[in-house]
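Residues per chain, in single letters:
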Amino acid sequence: MIHITKEAQQKLSSIEWQDGVLPRVDANVTGGCGLTINYLFIFDQARKNDTIYHSHGVSIRVDPFTKRYLEGNPPTVDYSDTDGFQVINEVEFDSC
Amino acid sequence: MADYHQLIFEISQSGRTGADLPESDVDPIELDEKFPKHLLRETPAELPEVSELQLVRHYTALSHKNYGVDNGFYPLGSCTMKYNPKINEDVARLEGFSRIHPYQPAETVQGALQLLYELQEDLAAISGMDAVTLQPSAGAQGEWTGLMIAKNYHQQNGENRSKVLVPDSAHGTNPASAAVAGFDTVTIPSNENGLVDLEALKKRVDQDTAALMLTNPNTLGLFEKDIVEIAEVVHEAGGLLYYDGANANAILGKTTPGKMGFDIVHLNLHKTFTTPHGGGGPGAGPVGVTKELIPFLPVPRIEKDGDNYIWNDDEPLSIGRVKGYYGNFGILARAYTYIRTMGPEGLRQVSESAVLHANYLRKRLETHYESPYAQFCKHEFVLSGSKQKKLGVRTMNIAKRLLDFGYHPPTIYFPLNVEECLMIEPTETETKETLDAFADSMIQIANEVEEDPDIVLDAPHTTVVGRLDETKAARKPVLRYTKSV
Ligand SMILES: Cc1ncc(COP(=O)(O)O)c(C=O)c1O
Numbered sequence: 008m009i010h011i012t013k014e015a016q017q018k019l020s021s022i023e024w025q026d027g028v029l030p031r032v033d034a035n036v037t038g039g040c041g042l043t044i045n046y047l048f049i050f051d052q053a054r055k056n057d058t059i060y061h062s063h064g065v066s067i068r069v070d071p072f073t074k075r076y077l078e079g080n081p082p083t084v085d086y087s088d089t090d091g092f093q094v095i096n097e098v099e100f101d102s103c
Numbered sequence: 034m035a036d037y038h039q040l041i042f043e044i045s046q047s048g049r050t051g052a053d054l055p056e057s058d059v060d061p062i063e064l065d066e067k068f069p070k071h072l073l074r075e076t077p078a079e080l081p082e083v084s085e086l087q088l089v090r091h092y093t094a095l096s097h098k099n100y101g102v103d104n105g106f107y108p109l110g111s112c113t114m115k116y117n118p119k120i121n122e123d124v125a126r127l128e129g130f131s132r133i134h135p136y137q138p139a140e141t142v143q144g145a146l147q148l149l150y151e152l153q154e155d156l157a158a159i160s161g162m163d164a165v166t167l168q169p170s171a172g173a174q175g176e177w178t179g180l181m182i183a184k185n186y187h188q189q190n191g192e193n194r195s196k197v198l199v200p201d202s203a204h205g206t207n208p209a210s211a212a213v214a215g216f217d218t219v220t221i222p223s224n225e226n227g228l229v230d231l232e233a234l235k236k237r238v239d240q241d242t243a244a245l246m247l248t249n250p251n252t253l254g255l256f257e258k259d260i261v262e263i264a265e266v267v268h269e270a271g272g273l274l275y276y277d278g279a280n281a282n283a284i285l286g287k288t289t290p291g292k293m294g295f296d297i298v299h300l301n302l303h304k305t306f307t308t309p310h311g312g313g314g315p316g317a318g319p320v321g322v323t324k325e326l327i328p329f330l331p332v333p334r335i336e337k338d339g340d341n342y343i344w345n346d347d348e349p350l351s352i353g354r355v356k357g358y359y360g361n362f363g364i365l366a367r368a369y370t371y372i373r374t375m376g377p378e379g380l381r382q383v384s385e386s387a388v389l390h391a392n393y394l395r396k397r398l399e400t401h402y403e404s405p406y407a408q409f410c411k412h413e414f415v416l417s418g419s420k421q422k423k424l425g426v427r428t429m430n431i432a433k434r435l436l437d438f439g440y441h442p443p444t445i446y447f448p449l450n451v452e453e454c455l456m457i458e459p460t461e462t463e464t465k466e467t468l469d470a471f472a473d474s475m476i477q478i479a480n481e482v483e484e485d486p487d488i489v490l491d492a493p494h495t496t497v498v499g500r501l502d503e504t505k506a507a508r509k510p511v512l513r514y515t516k517s518v
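Just so you know, the sequences run in chain order L and F.
Reading the first sequence from the start, the letters are residues 8 to 103 in this note's numbering.
Reading the second sequence from the start, the letters are residues 34 to 518 in this note's numbering.
No wet-lab data here; the hints were simulated from the structure.
Yeah, the Cβ is synthetic: ideal placement off N, Cα and C, and Gly gets one too.
A hint or two may mislead.
Claimed, not checked - Okay, the calculated beta carbon distance ranges per label pair:
id : chain 1 : residue 1 : chain 2 : residue 2 : range
1  : F       : Glu483    : L       : Gln25     : 24 to 30 Å
2  : F       : Pro309    : L       : Gln25     : 41 to 47 Å
3  : L       : Lys55     : F       : Phe409    : 28 to 34 Å
4  : F       : Val498    : L       : Ile49     : 30 to 36 Å
5  : L       : Gln25     : F       : Leu95     : 53 to 59 Å
What the hints assert, rightly or not - The calculated lysine-lysine pairs, modelled on DSS-like cross-linking and capped at a C-alpha distance of 25 Å, are:
id : chain 1 : residue 1 : chain 2 : residue 2
6  : F       : Lys509    : L       : Lys55
7  : L       : Lys74     : F       : Lys509
8  : F       : Lys420    : L       : Lys55
9  : F       : Lys420    : L       : Lys74
10 : L       : Lys55     : L       : Lys13
11 : L       : Lys74     : F       : Lys423
12 : L       : Lys55     : F       : Lys422
13 : F       : Lys465    : L       : Lys74
14 : F       : Lys422    : L       : Lys74
Claimed, not checked - Chain L stretches covered by chain F per the calculated footprint, using a threshold of three residues with CB under 8 Å from any CB of chain F:
id : stretch
15 : 14-20
16 : 25-32
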């Protein structure tokens, strides 16, 4: 359901997790000119009804709202020193 | 499926007709005798051929697919979807108004000119300005017109001020209009109470400030209590104060932008002054200004010469014409009718009821949804879906679930400075029963989010078209209708 590049795996395995915090792929809605949806990679506490994906020893949370967008469109989490974590998914869209 | 749910082209049958034309009593001519060959069609136009009854059913069915204030509650924040009294329509349709031509000589359309003139006077009184132009055809065009007036005013004083200040809660048209008018925009942050951060404003105002654009009450529905000091800060630096009066529903007859210290005002007649809107127009965004700025107003201006109304084109400092003809007359006629039927006391009641209704709904909902600015509001208020987000459900889902209850959702994800924002404007025209029923639905949805979130996440369930696959729409858009779809 979620692909993780080698670079992202390495970075994630080097992080010491605080209590209850895990990475999350999150569909983020912003307003303005119509509605835009893009994907964020964030670190936060659990939300109710989260799904947890295990991939290459890493656990990633997705909430039910985001899960509906990811169905059939598995995103890839990448990491680089310059851009940090990024979710690559061709379905980002906005209505402008 | 019944044929009136299909496209009119799909129900067409060759040779069917809704009207019988009388036999022609002149000799037919060949088209290519009269027109050059390259202008003639080679294949007949695919016009639908239907009976009169099919036509009536088709368009009646289409009209039922629309949702408007006449169908139900429409609490779209910042948009003031209030009821538009039908008497406005009667007046706008009077033959003496609807069948005149803008190029008719002024002496033949004195009644229409009187209406325009008196509307200008009324709007000047309502906004506390000295003169008003009715030309701009939308709020955004009013903003641009006002900023061009500011620009020309500064230039006339030998100054080329390049910056327009805009709070972060402002409507998107504010920075857009500033950019189109050739200004750079500077964002002013809001403080924790949702109001303009006065200290941040002081730091950003300087000799290059052409104007500050402000909405008051702002888009969070909060009254900028420091407005007098804000005006002083901007005026001391030589800047002008621009009032975005698109949402004037909370201040009618209570206060005026003039009293608050504003120099330029635009009003959205298609919101506060009841013209049906929401489909992209037509609208009207009249602009009012103080004395010093009158020479810069657009031409032609309508003036009174003795007992006659005349057009004045001769104003050398005017920014010129901003709209074909003299504005959207039909909308101006509706606004005039509304103002005259309500009267000053009626307009004051409008604002009092609009504010009461917003606060009533806010109070009923604030224990179920996060209320980021839990204080007395004006005509609208914001809630945040942040509590529901922790349960995996978003504001977008709540909005779609409201469709199942038969409501148009409130404005969502605006203003941008509120997480998972819901912006609710009930307006003064709704009954307590409607407000209560809407609040009950919102509370039921909040409970569903806790107990049965899938019903909210998969909404809407009862609409003609269910939950749309937005990702598929983005990846494989079908942009052209084909019969097989
Ligand atoms: C606060 C505010 N300013 C400006 C505008 C722009 O008005 P118009 O859509 O007529 O251009 C709007 C419209 O939604 C508004 O709410």
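Fill in: Given coverage of the stretch 14-20 of chain L by chain F, tested with a Cβ cutoff of 8 Å and a minimum of 3 residues
Result for this restraint: violated, n = 0.
Worksheet item: When you check the alpha-carbon spacing of L/Lys74 and F/Lys509, does it fall within 25 Å?
Response: 20 Å, holds
Practice prompt. Decide if the proposed pair is consistent with the structure: L/Lys55 and L/Lys13, CA atoms, cutoff 25 Å inclusive.
Written response: Since the Cα atoms of L/Lys55 and L/Lys13 sit roughly 30 Å apart, the hinted pair is violated (cutoff 25 Å).
Worksheet entry | Agreement of F/Lys465 and L/Lys74 with the hint, judged by alpha carbon distance not exceeding 25 Å | 39 Å, violated
Discussion item. Can you tell me whether the CB distance of F/Val498 to L/Ile49 sits inside 30 to 36 Å?
Written reply: Holds, at about 32 Å.
Discussion item. Just to be careful, I want the Cα atoms of F/Lys422 and L/Lys74 compared with a cutoff of 25 Å; is the pair within it?
Written reply: 13 Å, holds
Discussion item. Three residues or more, CB to CB closer than 8 Å: is that satisfied between the stretch 25-32 of chain L and chain F?
Written reply: With 0 residues closer than 8 Å to chain F, the stretch 25-32 of chain L misses the three-residue bar; violated.
Fill in: C-beta pair F/Glu483, L/Gln25: status relative to the range 24 to 30 Å that was hinted
About 27 Å separates the Cβ atoms of F/Glu483 and L/Gln25, which means 24 to 30 Å holds.
Worksheet item: Holds or violated: are the alpha carbons of F/Lys509 and L/Lys55 at most 25 Å from each other?
Response: The given pair, whose Cα atoms are some 32 Å apart, is violated under the 25 Å limit.
Worksheet item: Is the hinted pair L/Lys55 and F/Lys422 satisfied, with a Cα-Cα distance of at most 25 Å?
Response: Within the cut-off at roughly 9 Å; holds.
Worksheet item: Is 28 to 34 Å right for how far apart the beta carbons of L/Lys55 and F/Phe409 are?
Response: At roughly 33 Å between Cβ atoms, F/Phe409 and L/Lys55 fall inside 28 to 34 Å, so the hint holds.
Discussion item. Tell me if the straight-line CA distance from F/Lys420 to L/Lys74 falls inside 25 Å.
Written reply: 19 Å, holds
Hint check: violations occur at hints 2, 6, 10, 13, 15 and 16; the rest are consistent with the structure.
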